[in-house]
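Protein sequence lines correspond, in order, to chains V, U and P. Just so we're aligned: 82 in my numbering is position 75 of the first sequence, and the numbers increase by one with no gaps anywhere. Just so we're aligned: 138 in my numbering is position 100 of the second sequence, and the numbers increase by one with no gaps anywhere. Just so we're aligned: 180 in my numbering is position 174 of the third sequence, and the numbers increase by one with no gaps anywhere.
Be a bit skeptical, because a hint or two may be false.
[As the list claims (entries may be wrong)] Below, computed lysine-lysine pairings styled on DSS-like, alpha-carbon distance capped at 30 Å:
id, chain 1, residue 1, chain 2, residue 2
1, P, Lys266, U, Lys312
2, U, Lys312, P, Lys199
3, P, Lys199, U, Lys175
4, P, Lys164, U, Lys238
5, P, Lys103, U, Lys175
6, V, Lys199, U, Lys93
7, V, Lys255, P, Lys217
8, P, Lys199, P, Lys217
9, V, Lys199, V, Lys82
10, U, Lys204, P, Lys217
11, U, Lys175, U, Lys238
12, P, Lys311, V, Lys307
13, U, Lys238, U, Lys212
[Unchecked claim] Residues from chain U that keep clear of chain P, each with C-beta distances beyond 10 Å, as calculated:
id, residue
14, Arg46
15, Asn50
16, Gly70
17, Tyr79
18, Ala80
19, Glu82
20, Ser107
21, Gln108
22, Tyr115
23, Thr231
24, Met232
25, Ser237
26, Lys238
27, Cys293
Derived from the structure by calculation, the hints contain no laboratory data. Fair warning: this is a prediction, and the values are worked out from it, not measured in the lab. By construction, the Cβ of each residue, glycine as well, lies at the ideal position given by its N, Cα and C atoms.
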Amino acid sequence: MKKKLVSVLLAAAMSASLLVGCGEEAAQTVQETAEAVQETAQDTAEAVQETAQDTAEAVQETAETITDYGTGEIKIWVADNVVDFTNEQVTNFIAANPQFAGYTVTVEAVGEGDAAGNMITDVEAGADIYAFAQDQIARLVTAGALEVVEDSNAEAIKAQNDAGAVGAATVGGTLYAYPLTSDNGYFLYYDKSVVTDPSTLEGIIADCEAAGKNFYFEINSGWYQTAFFFGAGAELTYETDDSGNFTKCNSTYASDAGVVALKKIAEVASSKSFQNGSAVSNATNCAAIVDGTWDAQAAKDMFGDNYACAKLPTFEGADGKTYQMSGFGGFKLLGVKPQQDENKLAVCDALAAYLSSEEVQLARYNAVGWGPSNLNAQKSDAVQADEALSALADQLQYTIPQGQYPGDYWSLATSLGDSIISGEIKADASDDDFMKALTDFQSTCESYAQ
Amino acid sequence: MKSYKTKRAIGNTICYIILILISIIWLFPFIGLVLQSFRSYATEYGGMVDYLVPKHFSLDNYKFLFDSSQTNYLLWYKNTIIIAVFVSLLQTVIQLCVSYALSRMRFAGRTFLMRFWLILGMFPGFLTMICLYFLLKQFGLTQAGAIPGLILVSVASCGMGYYVCKGYFDTIPKALDEAAMIDGATRSRIFFTMIIPMSKPIIIYTALVAFMAPWCDYVFASYVAFGHDTSYNVAVGMTRWVWTNDYQGYFTRFCAGGVLVAIPVTLLFMFLQKYYVEGVTGGAVKG
Amino acid sequence: MAQGADKKKKSAASLFLGALGNGFKEIGVTFVEGDIKTKLSYIIFGLGPLLRGQILIGAALLLSEGLFFYYMAAFGWQYLSKFSTLGTIATKKVGRKTVYGDNSFLILLFGVLCIFAIIAFVAIWYINVRENRKEELLLKAGKKLPSNKDVFMSLFDKNFHKTLLALPVTGIFVFTVLPIVFMILVAFTNYDKNHQSPSNLFTWVGLENFKNLVSFSGAGIGGTFVQVLLWTLVWALFATFTNYFLGLAVAMLINKKGIKFKKLWRTILVLTIAVPQFVSLLYVMKMFANDGLINGYLIKWGIIKNYIPFWTDPMLARITIIVVNIWIGIPYMMLIATGLLMNIPEDLYESARIDGANPWQMFRSITLPYMLFVTGPFLLTQFTGNLNNFNVIYLLTQGKPQSVNLAEKAGYSDLLITWLYKMTVNDTNYRMAAVIGIMVFVVTAVISLVVYNMLPSVKDEEGFQ
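Let the sequences and hints guide you as you build the complete structure.
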């Protein structure tokens, strides 16, 4: 009713300014019309909002007297290929917990990358529960898009998941998210018929060059790059406080170890076989690619019978020493958005805990092949027998669990990688040049911590 | 005389060679797109390859697009058509109104309005994206309501793009209006019964341009849909297949989807090309 | 030139002041000479017209006043009152529940709206006063006031422009003017990823962001800004003129006497206009990739040994973009040129031929000057359009390659507009995005103004009528 009234007013206001001041003050009048209408439009919006609020409150009041949790809508964002799976699990969850039956759950396909970006842009419109890659967690905490995991759940999560996953979900000393997978690491997929010995980087590249095939390594990604830096012994970690602010940066990139790594990256990039990339489906004429478990199926399709995978190779540094490539072990997490309604929050907590539980992680592995972070699920026979996951497990002993990094780090690393690919930093540059680039890099990294 | 003829023949031959070369360059990407769209998904997977002609032809990718249990492509397509039709209709109406007022009537503030809009047009559109998003959100026109929201935004500000249409109206002699007014016709009568019937080419041009724009809009459309994938248009849905890592092996599907998008727009364009040429030429001269 | 502009400004200023003075005088005179109806109208809008039988006008005025007060009291005031701080109440936790505090974004947005509403209110008040004056003078002169029906019907005749423009102007105000004013103000706040509504507050910081833009030391982005700006200008110049001349050449080629299948050639070319760019450009991007079709074939055929880094080498990326843009732009220019070339009187060429001019001379002395004269404004709009040509750059390279030498994630092929986009969407760095947006406006406006005044064909708008 209110809304109708307002729209009538709106029409009236428009005619008001139209009729007045015939002819002379046209432009002015027209502008006023605009403003008058704007006012009314605002009123409409407000009126609608008010009514909605009233209703919501009324609903809530009645709800409280009847059941414990009332009704509501919960929105979940997960990657497209697990939407169906998640829908199934949500149905199971509601069936097992009739006290939450008042909630309608919708699952939408928003990938891990988009989800974090969207949540930060508009928390209110974002999903209540969403999956994201761990590199986003600090940003999300700062933006107020993650609710602290409830104490009882937190105990269980810490006990049941691997230490790396728990560390990834922790900012400062607080657990902010539910670990979902522990397979966000990378290793080598290769074509057996081309690469004879996957144990040294030089050998792989030589084989690829000889066969005229491509070797893919995404060196302009801060995530893949670390395989070289950490492998050579350089360090880069950050410390955060509880609200997601970066307080300290520990970096030894500007060191001899850093120079060895950067030099090696530049050398790899100068190979004619080298291609920058880490997605099987974008790779052409590919004989070897450094990639993660999510591409296992695609890699099998691409290499066919020659499909093989292995831990990352070793490389020989300019100083003559041999280094094992390292890198990040990363994790996918599930987050719950801060809520204005405690009941809904309780439902979200329970649902998120369920979606990251042992049986659902195992079911998810069976459905789409995501490696679980739950310790018991990791021990299951199916997971143990998985080729790609075991290559990853081999690699994981050389990697460091990925902690928190500021968003700016990733793009800074992209810049460093791009500079190498574009030849701004050349393989035959002097050690001083490398050192200078690394010193700049390190001091920029340090500037991200306050 | 003979030498002139041979010279001319040689000249024409060179021209033909250049034209054929140009045609090859211009058609090459489209041929590639079509060929890739027919690549068999089952035997050659859907990723990138470094050869042009598929080893096996099949309709796998098109079948995928039409299978609504696997993708919302058809829904996105429908959304885009809805947006394009509404935007096209409403923009045309509004631009005609604005153009008529600015071309035919003289009133205080007219030049001020034109100058003001010209200045407004110099601000980059992306600047206001975040603000528009929150404005639309106040009206409930984001996410599930993204389609009307997008229509509203593209229609609301289209009055500023009156140039081509006004330029056309300017060429219709004013004497016609004056004669009609002496006969007692009102301004609105002149507009509806004289000017509009005379403006068929420019109406078609305006509608065509407005119809084509939404097919390309992915920047703002993805903002407004905000992850609600039933509100996507084709551009938003399909660019994700190329840009995000969640969609492995979607390259041939992207090509197939692209072909399906290109067909109606291209056909429409080809049929109405004459009017388009008239519009852009007129617009270019008037600036 | 500068003096002239100065004089103009002065006269405009004095005109404005004069008008303002007259306005105040009129308000005073109306009050003093007006009857009780008019005097009451100063507080109750439209009372005079209502009592004099001008129901439509009076009701409209009264309604506007009512709406204004309703809006301000019920809604606007709570935002406007916090406008100077953009909110002080922080978001807090009650138990596990989150209670959001002030929303700086909405305070800024609706605060701006309130200010507009107040300006509108004053203007309507002034119109109200003048309406009373007008009616009184008419009545004093013994004339009759127009009937309500007349007033209404005038909207379709004498005041038809108001009917026509009401909706477009409203739309432009809400969805263009308001957001632009809002974003200009954002340039003076610290609205970024660490100060994001509703969880965090943001506030005014004065000129800090602009200082950052022109600061060349440390974390300042001055150097990067200059670099991106230069490339933006170079790009716009190349994109505009390569397309212009090559498009003209192709048009002349197709129009040449003796060339057959004219329609076929044109149709092939205009495919690039018809096919949506996100399809064609994304495919072209993949085609030129390091591991793409072109490099693949060139290596297979043994023409090159190593791939050509079309998109990853800064210089090459820029060149490739310009080349691909030619592919996009020639057809458009070709269509325009085809239409215009037909307008050149044939006898000009005829007489030139008799004088023994060769084709090149004819092109230089007839075709080119004509085209340049007619398409001057078009070239200018193309140029400013290219300054903001988002699609070509973003679909092809997304501004890459990035570099350690550039700040704020800028890449070597970034235009100001793609940089702005990345700041907004990837970084939610709205404060700097707003500053860059203002810079884009300044660049566009300055170039347009300077060039526009130099164009020969711009003088007379009414000339064609």
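Hint consistency between Lys311 of chain P and Lys307 of chain V [alpha-carbon to alpha-carbon, up to 30 Å]: holds (29 Å)
Minimum Cβ distance from Glu82 of chain U to chain P greater than 10 Å, as the annotation requires: At roughly 15 Å from the nearest Cβ of chain P, Glu82 of chain U sits farther out than 10 Å, so the non-interface label holds.
Status of the stated non-contact between Met232 of chain U and chain P (beta carbon gap over 10 Å): holds (13 Å)
Pair hint Lys199 of chain P and Lys175 of chain U, alpha-carbon separation not exceeding 30 Å: holds (20 Å)
Hint consistency between Lys199 of chain V and Lys93 of chain U [alpha-carbon to alpha-carbon, up to 30 Å]: holds (23 Å)
Lys266 of chain P paired with Lys312 of chain U [C-alpha distance capped at 30 Å]: Holds, because 19 Å separates the two Cα atoms, which is no more than 30 Å.
Cβ separation check - Arg46 of chain U to all of chain P, threshold 10 Å: Non-interface label on Arg46 of chain U violated, nearest chain P Cβ at 7 Å vs cutoff 10 Å.
Non-interface claim for Tyr115 of chain U, where every Cβ of chain P lies beyond 10 Å: Non-interface label on Tyr115 of chain U holds, nearest chain P Cβ at 12 Å vs cutoff 10 Å.
Least C-beta distance between Cys293 of chain U and chain P, which was stated to exceed 10 Å: violated (7 Å)
Proposed proximity, Lys82 of chain V with Lys199 of chain V (alpha carbon, max 30 Å): Between Lys199 of chain V and Lys82 of chain V the Cα gap is close to 45 Å, so the pair fails against 30 Å, i.e. violated.
Restraint status (C-alpha distance of Lys103 of chain P to Lys175 of chain U at most 30 Å): It holds: about 24 Å lies between the C-alpha atoms, which stays within 30 Å.
Straight-line alpha-carbon gap Lys199 of chain P to Lys217 of chain P, limit 30 Å: holds (19 Å)
Violated hints, in rising order: 2, 9, 10, 11, 14, 15, 16 and 27; the structure is consistent with all others.
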